[in-house]
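Chemist: Okay, here's what each chain looks like letter by letter:
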Amino acid sequence: MDILSNLLMPVTDLKLLGLIAVGTFAGIYVGAIPGLSVTMAVSILISFTFSWDVYPALALMIGIYMGGVYGGSRTAILLNIPGAPSAIATAMDGFPLAQQGRAGEAIGIVTVVSFIGGFIGILALALFAPSLSDFAIRFQPRDFMLLAIMGILLVGSLSGESLIKGVFSGALGIGIGAVGMDPLTVQDRFVFGFDELRGGVSFIAVMIGMFGVAEALSQLHSVNTPAVKQRITRIIPAWSMVRKHLPLGMQTSTIGTVVGALPGTGGDIAALMAYDYAKRTTRNPETPFGKGAVEGLVAPETANNAAVGGAFIPMMTLGIPGDAVTAIMIGALFIHGLNPGPMLMVEQPHMFWFIVGSLMLANCFMLIFGLTGIKLFVKIVELPRTVLIPVILILSIVGAYAVNNNVTDVYWMLGFGVFGYFMKEYGYPLGPVILGVILSRLLDDNWRRAIISEQESLGGLMRGIVTSPLSLCLFLAVLLIILSNTPVWRYVRRNKAA
Amino acid sequence: MHPSRNRRPGELVFNLILVGASLFLLYSAYGISGFEALSSPGAVPMLTTAVMVLAAGRILWEVLRKPVATDQSFIRDILPMPIVVTIAMVALYALALSRLGFIPTSVLFLIVMVRYLSRRGWGFCIGVAVGTVALIYLVFRLIFSVLMPQGIVPEGEILAWFSRLF
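Going down the list, the sequences are from chains Z and H. Just so you know, this note's numbering puts 322 at position 322 of the first sequence, and the rest follows in order with no gaps. Just so you know, this note's numbering puts 129 at position 129 of the second sequence, and the rest follows in order with no gaps.
Bound-form chain H, shown alone (with noise of 0.2 angstroms):
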């Protein structure tokens, strides 16, 4: 948490995103089942969705009346490359968890975001990716016995292969 007594660059537009939203979900709550009775499955609902517009409105208030910090930026400040690119690599690895399956995904998402970051050699990144991808392959597919998508490796004929050599 960063508390600032200055707004922060995006912080008015996330407000007033939030108090949009607040509405929208107040409305929709309003929609389950109107003013039908205080046992209806819309109360709580459409008490909560009051409170976040109300609380959203007055955050909204507080953010107006604050200074504009001019020492900040978006880009550097709040989302810089670094964020931007392991954002859209978290959304690239759930879409293609499906289609290439976990171990493939998995270790290039490792290669590429410890490269990115680290900027040290192939062979670093390629060493961290493989090792922890295992580790977690023990513990989450064969101990706890986790379906993980199996994509393009044959993950059931290997195991099988394994299995038959003890």
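Chain Z with its partners taken away, still in its complex shape (with noise of 0.2 angstroms):
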């Protein structure tokens, strides 16, 4: 009982049920703005919901994260620009969508495959979290690593036409990951002598110069070609498409939430993952990946949502962040007088049900605000080109600049567009690179850290990973994944489709 009315808490006080709601509704639209991030929205509130009651404040900041993880893919589909990292795998289908005409269309499947997964997401935080998070401690150093392998792997779904140019470019963004002063022994890399390089690169600089610029630049081909116009027929997807997506939904969410739930990643990663898994596993789509596929807008959406559930779970059992965002929230509990870890959960368990009701219910107000201003939102792709162009590069720039207040940020960006307008002139995919930067931290730390634990030895490394269940399952997923990238896989497979 005192747990139903603990989880019923944010519904029952309108206050609390309209904090949510203002927050839901706002953390969309930050989440749209590229350069706007949730992490961002979620710090500034700490500063003026400080003399607040907890659960006000909770209950805001919950509702921006919930909105903003859903709302980076509104200007993924409708611009090809990522609001958040964690939409970047949206873009690949949601734009040629757009391009179709079938934006609204793209944007209503969105939503939903988004509310399902968060709640898968919320449902493992509720039902598993004291498991859930005894399997994310277990994980090595080594294991963080080959989970870095499988993500660099990606690379093999997210090439497009040219496998190779697809291993350079997630080469080289495994290369700007590694600019700056090494976290572990302070040494310069790739620092050349620029004090400006040794904080290291802005990853949304690079983001927002790949994917805004360099696209803005690209459609200046196209500058005086009529805007595609689109076809608001239908925004919320007919039932027998959601259930045809429903399994490959809940497969990606669970690998959302699990990658959630382990510390030092988020639904960036986990989008991308789930992203390959797609395509890895779906035989035959309707659209092939890339030109528009819905399992391509199925599978990370559904990903990067349960990842909000998962990323809670370390934090209120162990008091380790999920991601950037619990990161800051803890910092907020902490302010709040209350102490995110074991004996939270022991001791003031009805915190625990209040943020679960709380998730849930931003979750039920993401897609109602989701699947509402459909019509108006897309009217963006219907703005000629003219003024459209101009205005995706203020806001790119602002965008670049808003990160660290740093004119030199604007620089990295430019300087990454043009960059990436080559590169995408002369077919090399931009996908890859951000890949590179988003893993290169995650592979590199933890690859030192698990040789250091080895003494050294390549030997001992392979000895404990054959010697240890999770890292002899992780391994096994990555020789799976090599294979499957092989002609001999594919020749078996087609031979048994016939």
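To be clear, the hints were calculated from the coordinates, so they are not data collected in a lab. All values reported here derive from a predicted model rather than from experimental measurement. All the given hints hold, so there is nothing to weed out.
Chain H stretches covered by chain Z per the calculated footprint, using a threshold of three residues with CB under 8 angstroms from any CB of chain Z:
no. : segment
1   : 12-19
2   : 46-52
3   : 75-88
4   : 143-149
Now the in silico label distances, taken between C-beta atoms and shown as ranges:
no. : chain 1 : residue 1 : chain 2 : residue 2 : range
5   : H       : Ile143    : Z       : Lys15     : 20 to 26 angstroms
6   : Z       : Gly193    : H       : Leu64     : 32 to 38 angstroms
7   : H       : Phe124    : Z       : Val22     : 31 to 37 angstroms
Ideal Cβ positions, reconstructed from N, Cα and C, are used throughout, including at glycine.
With the hints as a guide, dock the two chains, each given alone in a separate frame, to form the complex.
Modeler: Here you go:
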């Protein structure tokens, strides 16, 4: 009874209900604007909810978080500029749908599957939080390293027409991620004597440059072509379509929850892994991946929203943040005199159930707000390109600047934008560059920790992998992914299908 | 992406630059800590730049084997004037941002760009520029407290004057 009353508290208290609604609504638009991040919004909220009671403060933050993760898909679909890193994979099939005049349909599908993914993540938080956090804490550096290798192998899925160009792009991304002072030894890497490079290259500046500026420059080739008229006949997807993709959505939601629960990972990695999973397991998509496949929307969007619930698992049960936003939320709980971790679950279980209830409610508001206003939103794509392109550029500039309030990030964005434009022109995929940047630290830090813990012995590392059931599973998964990229595998699958 | 079976104008030069840059980065990565240890800070950079060199070399080999596309030109198909002007304008924007400040630089950038691309009347261009900048200023500066460069506009005084009105 106590659990139920705490779970329903956000619904029964009108003030909390209103704050979650406002937070979710604002989160959708914060998430949609490149350069404005949920992390930024939640950090700002801490300063002015400082004097509030803990419940309303958390309610507002949870609303922003839930809405923001979903909101990133809007500009990814409409403009091919992901509002947040977790929407990078969504752009790959969402933007082609917008180019076909089906932006409304794409946003409708994304909204519904985001709700489903979010729901599964929250359900996992409510039912399996202790056991999932036990699982997450067992991850050793070598397991994170294997996870990063699995991530790097997604290059195969993101490469488009040329695998070798995808490999180059992925390696370039890892190299970009390595720029700056090494966090373990404070030694300079690829700094070339420039102090500005010591802090590394802003990932957001790379993302906005490669996706925003490069896309805007590419669109200048057809600047006078009339904009594609969007057909908005149906926004809420047919039940048959939802049912058809539900099994995939459930599987990718599980991926999202587990990846979200691992400290140091988040919705961005979860979404890319889910996209890769969908590409590998979907036998005959109605539309090919990269050209507007519905599966290419379902997988990343279920996974990144499921990762929200997942990220709360280590936060609530161990006091370890699952991602940047939950790290800030831990700070907010400290400010309000609470100490997240095992003791919080024992001493104040009502807080746990309040968070679960708030997440559920925010997820419902995300569905409602996500499905309304789409007709107005898709009008953005119908604006003449002669106006839209300069506006995209100014948003890209402001977005890159806003990350660190630093003009250097604008130069980086422009540099990567121009370089990304030439890469696009000559057939290099840009997705793997971003993938490399995202995974660079995860791979580098954990490889070094893993090999140091084995006294620099590769044999010792391999022994560790084969003797640990968890590492062995991950290692076999890596081998399976490599095998599935070989011609032998494709030959066997073709024969099996025939 | 423009997959092409023919070598596009500038493709060979671009790939030569990539091979050269990859070799330079491999040399830089070696300079971090050489072959000191598997856990050295240069280990992963060396591995990734080596992959870049191999991949770029292979791509260059493929590009060299492609027939040259005779129906395309670099100026018309790869780097036409609107793209050159846009890149120059963004670079100018970045240079002027600190000196002039966010508001005048952004308004000027948008007026020039919309006018250049659309050839519409000045009234339309100024309307689009001022409206867009006002909206961005409201969201980024006033709601999210992102401190944009102030430059020549005394924003602080103007905002204080407005706040005194209410």
